[in-house]
Amino acid sequence: GAVVSQHPSWVICKSGTSVKIECRSLDFQATTMFWYRQFPKQSLMLMATSNEGSKATYEQGVEKDKFLINHASLTLSTLTVTSAHPEDSSFYICSATPPGRRVDGYTFGSGTRLTIV
Amino acid sequence: DQQVKQNSPSLSVQEGRISILNCDYTNSMFDYFLWYKKYPAEGPTFLISISSIKDKNEDGRFTVFLNKSAKHLSLHIVPSQPGDSAVYFCAASEGETSGSRLTFGEGTQLTVNP
Chain A
1 GAVVSQHPSW
11 VICKSGTSVK
21 IECRSLDFQA
31 TTMFWYRQFP
41 KQSLMLMATS
51 NEGSKATYEQ
61 GVEKDKFLIN
71 HASLTLSTLT
81 VTSAHPEDSS
91 FYICSATPPG
101 RRVDGYTFGS
111 GTRLTIV
Chain B
1 DQQVKQNSPS
11 LSVQEGRISI
21 LNCDYTNSMF
31 DYFLWYKKYP
41 AEGPTFLISI
51 SSIKDKNEDG
61 RFTVFLNKSA
71 KHLSLHIVPS
81 QPGDSAVYFC
91 AASEGETSGS
101 RLTFGEGTQL
111 TVNP
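Here the protein sequences line up with chains A and B, keeping their order. Each residue of the first sequence is one higher than the one before, starting from 1 at the first, in the numbering used here. Each residue of the second sequence is one higher than the one before, starting from 1 at the first, in the numbering used here.
It should be emphasised that the hints constitute simulated quantities derived from the structure, not laboratory data. If you're wondering where the values come from, they're calculated on a predicted model, not measured in any experiment. Backbone N, C-alpha and C fix where the C-beta goes; we use that ideal spot for every residue, glycine too. Don't take each hint at face value.
Unchecked claim - Short derived list, chain A residues pointing at chain B, Cβ under 10 Å: (1) Ser-9; (2) Cys-13; (3) Gly-16; (4) Gln-38; (5) Asp-65; (6) Asp-104.
Let the sequences and hints guide you as you build the complete structure.
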């Protein structure tokens, strides 16, 4: 089945640094990947839709300059949290699907726990 | 504006009994609904889905019911097993094709006691 790998699984960084999270589709090509953010005991909030070869589509209220998304190839999307601050600490999850599959075919990565100190 | 709501943060049931998890939505454009199971520090895994043209979909121990007029859906697990203990998320989308965006509820922590 479709596998999505997310790396790193957890990271602790100092305030002011930038952090890059990778999302890879291991056995399929993904023209579209999604990035979510989850606060404790809250829902997964869609941050942006990552489109291969074009700019990401950000949800309302998500800072484009803060959360840089690059979808450089059909198997890799990256999320960079720039100049991270403690309020950016959260659980970040990506998802991807092969073209032509329905939404129930979306596969999620295992998530990245980001802690800014 | 939470368009998908799961009002019960937690649910505890005995092994062998039925678990019923509820979900409400407000956006009339949603026409495809999904349930996911999630363990800590992992991504959600798909369980079952239902299109708005149906009112019931069953897959083994899992059944999802949809009441469009009430904008309500529920997930029934019977019989419940200890391995079912996890957080369950309800999600909705406008359309079921690849590229459709999912809107998630807050999740319900299900605990099945042996």
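For the hint on Ser-9(A), just tell me whether its beta-carbon gets within less than 10 Å of chain B.
holds, 7 Å
Minimum beta-carbon distance criterion (10 Å), Gly-16(A) to chain B
Status violated, d = 26 Å.
Is the interface hint for Gln-38(A) satisfied, with its Cβ closer than 10 Å to some Cβ of chain B?
holds, 9 Å
Please check whether Asp-104(A) passes as an interface residue: C-beta within 10 Å of a C-beta belonging to chain B.
holds, 4 Å
Holds or violated: is the Cβ of Cys-13(A) closer than 10 Å to a Cβ in chain B?
violated, 18 Å
Status of the hint placing Asp-65(A) at chain B (closest C-beta pair under 10 Å):
Status violated, d = 22 Å.
When each numbered hint is compared with the structure, violations occur for hints 2, 3, 5.
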